Amino acid sequence: MKQQGSEVRGQEPVSRYRETRRYSLQFLIIVLATTISYSFLTTQSLAWELSGYTTAEGRLFFHDALFSGQRRDGASIAVQPEFYHEWENGSSFLFTPFGRLDSADSERSHFDIRELRYLWLHDSWELRIGSAKVFWGVTEFVHLVDIINQTDLVEDIDGEDKLGQPMVNLSIPGQYGVLDLFVLPYFRERTFPGEKGRLRSRVVVDTDKAEYESSAEEYNVDLAARYSNTIGDWDFGIYHFHGTGREPTLLLRSDPAGNLTVVPLYERIDQTGLDVQTVKGNWLLKLESLYRTGQGEDFYAGVGGFEYSFVNVLSSGLDFGLIGEWAYDERGDEATTVFDNDVMAGARLAFNDAASTEVLAGVFQDLDSDSCAVLLESGRRISDHWKVTLDAFFVLESSEGDILHDLREDDNVQIELTYYF
Amino acid sequence: MKKERQFTNYKRWTARVRQTRLLLFLLLCLSIAPVCVHAETSEEKGRAIAKEADRRDEGFHDSTADLIMTLRNRHGQESTRNIRVRTLEVAGDGDKSLTIFDNPRDVKGTAFLNYTHKIGDDDQWLYLPALKRVKRISSRNKSGSFMGSEFAYEDIGSQEVEKYTYKWIRDEIFNGQESFVVERYPVDKKNSGYIRLVTWIDKEEYFPLKVEYFDRKEYHLKTLTFTGYKKYLGKYWRSDEMNMINHQNGKTTKLLWSNYEFQTGLTGNDFTKSSLKRAR
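Just so you know, the protein sequences line up as chains F and G, in that order.
In terms of the numbering used here, the first sequence opens at residue 1 and continues consecutively.
In terms of the numbering used here, the second sequence opens at residue 1 and continues consecutively.
Simulated from the structure, these hints should not be mistaken for lab results.
Since we're looking at a predicted model, the values are computed, not measured.
There could be a bad hint or two in this list.
As the list claims (entries may be wrong) - Mimicking DSSO-like on lysine-lysine, the simulated pairs with C-alpha atoms at most 27 Å apart in a straight line are:
| id | chain 1 | residue 1 | chain 2 | residue 2 |
| --- | --- | --- | --- | --- |
| 1 | G | Lys118 | G | Lys210 |
| 2 | F | Lys133 | G | Lys273 |
| 3 | F | Lys280 | G | Lys189 |
| 4 | G | Lys108 | G | Lys210 |
| 5 | G | Lys132 | G | Lys108 |
| 6 | G | Lys203 | G | Lys167 |
| 7 | G | Lys277 | F | Lys280 |
| 8 | F | Lys280 | G | Lys273 |
| 9 | G | Lys135 | G | Lys277 |
| 10 | G | Lys217 | G | Lys108 |
| 11 | G | Lys167 | G | Lys45 |
| 12 | F | Lys280 | G | Lys230 |
| 13 | G | Lys51 | G | Lys135 |
| 14 | F | Lys280 | G | Lys118 |
| 15 | F | Lys133 | G | Lys254 |
| 16 | G | Lys45 | G | Lys235 |
| 17 | G | Lys135 | G | Lys118 |
| 18 | G | Lys51 | G | Lys203 |
| 19 | G | Lys230 | G | Lys254 |
| 20 | G | Lys203 | F | Lys133 |
| 21 | G | Lys277 | F | Lys133 |
| 22 | G | Lys118 | F | Lys133 |
| 23 | G | Lys45 | G | Lys231 |
| 24 | G | Lys51 | G | Lys190 |
| 25 | G | Lys51 | G | Lys273 |
| 26 | G | Lys135 | G | Lys167 |
| 27 | G | Lys51 | G | Lys230 |
| 28 | F | Lys209 | F | Lys133 |
| 29 | G | Lys132 | F | Lys280 |
| 30 | G | Lys167 | G | Lys210 |
| 31 | F | Lys280 | G | Lys135 |
Unchecked claim - Far from chain F, some chain G residues (derived; all Cβ distances over 10 Å):
| id | residue |
| --- | --- |
| 32 | Arg47 |
| 33 | Asp57 |
| 34 | Asp66 |
| 35 | Thr99 |
| 36 | Ser139 |
| 37 | Met147 |
| 38 | Ile156 |
| 39 | Arg170 |
| 40 | Asp171 |
Here a beta-carbon is modelled for each residue, glycine too, at the ideal position from N, C-alpha and C.
So that you can see chain F by itself, here it is in the shape it has in the complex:
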């Protein structure tokens, strides 16, 4: 895990009352719109389909907060309806707004249009226009080459939650693989926990003062092209991205009052990425790799690993999987990600019961220091519509100057109760 700059004292608490009120209103609008359309759609039986979820979450921390201004525990509610319509010819429209209200962190209270896109389906191509989500990659713990969508970091530190990305995407499938072309006309800034939020670095990232290398700032038009194919046991993809990098460099700045803050700088980069996976019997072998220019010195980064499954262990019906991954970043301590030379080991247990009970446990070990963390994800269905999940995160060991060092008091469990409709 990467080293972090010099120690800085926490910011003065800032009133975010107005922002919270704005998100409350947006949240309420989504809930109302969903309820109205739900009753409307169920009574009118139109060809529109409504699904989605609403969730209540509690985050309980084992220790008092490390930095001034942080609240100890947090509770929040979130809603994500999905409106979908498909025409006879297969073309479709999808609208997925998302909103969260958080009791502790005003930055975590946020609203996003996860998807608002039209898909034009033709015999020999697909065209997506609007805000959408695209995932590239093969590994489980690190999502290195995934670049189209910005990370919604306030949602979870695992980096799997993404913001909607405005795009025009032409996808051309053919006999020799799939070619995807992207024009990305608007840039989304990464979200960061606020003053009162836990699971953050000691200095709050001031997202309002984001800096860009491109003079067009967030209106810089980014481009990407990806070729992917499946040949026998092999699945692979190779892409090139040209535009504003999603991963900011965090800069120390002092505001007029003399307080130090951290601001994100978004550089213009060129990145070539590769993802490969092969299946050999019970083994899945994976590799993700990238080469980036434009953000400091040119560098390589990679993550490789395996997944091995034991199916129906001792005829118990249980499936057990082992995951091992190693992530490397040529920049070392200068890396803008957490993973510069780290090993992840995990185990996944699926009970294959009616409730689809599942547990995933993982250990992260930094190979350059003592830093070590454990995460746990588990879930179980209660009924056709309800599901409960329990996640946990513990920092076992951390050394001075590490990102993980700032999270050393943030051991927590997170309980989520979700209603799917």
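Following the hints, position chain G against chain F.
Same frame as chain F, now just chain G:
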């Protein structure tokens, strides 16, 4: 003229001889025929039955159907899954299938793409809608549970002739229907959950009526029964209801099929990783 008559007589005579020979040959054949049948080993007969069943199902091109899967534990607690299945016949290889989950709601939009192969492991991908991620999965071990049901992946997959070796055991009346009883032995012995499967096959229409599954320790593990057969397009038989009983844990899984449609115009383009992402 006389010569000519003699010639015609000769022709008639040779024709008669030929006829007699043909008749004798046919008689000979008939008398040998039972010997021929006896010469066919029960392994050959078993395989011939499986091949005939497979042949009769050829040419459906593609099909779609809705499935309600009801899981029931030994205490009688039930839970259901709503699934849609699309199948594409592939000339010279196993079928391709796309399975889309609608219920329980937390797995809505999850989809499973399977390329069955006559020889070797199948190719399988899973689509996880929350992450918009298509994930290749290992198909090597076939005994894993499908969606927490009593059906293993090897039970729901396309039953290609080449995936088993066969042995005809006997003919039997099963539920009033004349049937062949054929044992099947998985070719991939190491990764199957079974040592053998005993199958009752309808003698007239060659569809399965019952399957008994014996685990690797030779214990009777499960029994699957097929009921409510209907004929589609005048030749393709499909069962409306399948019941799987697990004798070892007391759980059952019922599959109710509906809205069967054939030759709907699906093509290979509807069974790709791209289409997996669009599947709804």
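> Within 27 Å, alpha carbon to alpha carbon, are Lys132 (chain G) and Lys280 (chain F)?
Replying inline: It holds: about 24 Å lies between the C-alpha atoms, which stays within 27 Å.
> Does Lys133 (chain F) lie within 27 Å of Lys118 (chain G) when you go C-alpha to C-alpha?
Replying inline: violated, 36 Å
> So is Arg47 (chain G) really clear of chain F, every C-beta pair being over 10 Å apart?
Replying inline: Given that every Cβ of chain F is farther than 10 Å from that of Arg47 (chain G), nearest at about 27 Å, it holds.
>> Is the claim that Asp57 (chain G) lies outside the interface with chain F correct, judged by CB distances over 10 Å?
In response: holds, 27 Å
> Regarding the assertion that Ser139 (chain G) does not contact chain F, is the least Cβ-Cβ distance greater than 10 Å?
Replying inline: Non-interface label fails for Ser139 (chain G): nearest chain F Cβ at 8 Å, not farther than 10 Å.
> Are the Cα positions of Lys135 (chain G) and Lys118 (chain G) separated by 27 Å at most?
Replying inline: This hinted pair holds, its Cα atoms lying about 23 Å apart.
> Is the straight-line distance between the alpha-carbon of Lys135 (chain G) and that of Lys167 (chain G) 27 Å or less?
Replying inline: violated, 38 Å
> Lys277 (chain G) and Lys133 (chain F): Cα distance at most 27 Å?
Replying inline: holds, 11 Å
> Holds or violated: Lys230 (chain G) with Lys254 (chain G), Cα cutoff 27 Å?
Replying inline: Within the cut-off at roughly 18 Å; holds.
>> Lys108 (chain G) and Lys210 (chain G) were given as a pair; does the straight-line alpha-carbon distance stay at or below 27 Å?
In response: Distance ~31 Å between Lys108 (chain G) and Lys210 (chain G) Cα, so the pair is violated.
> Are Lys280 (chain F) and Lys118 (chain G) close enough, with their CA atoms no more than 27 Å apart?
Replying inline: Roughly 18 Å between the alpha carbons, so the hint for Lys280 (chain F) and Lys118 (chain G) holds.
>> Check whether the Cα positions of Lys45 (chain G) and Lys235 (chain G) lie no farther apart than 27 Å.
In response: holds, 23 Å
Going down the numbered hints, you'll see the structure goes against 4, 10, 12, 13, 15, 20, 22, 25, 26, 36 and 37, while the others check out.
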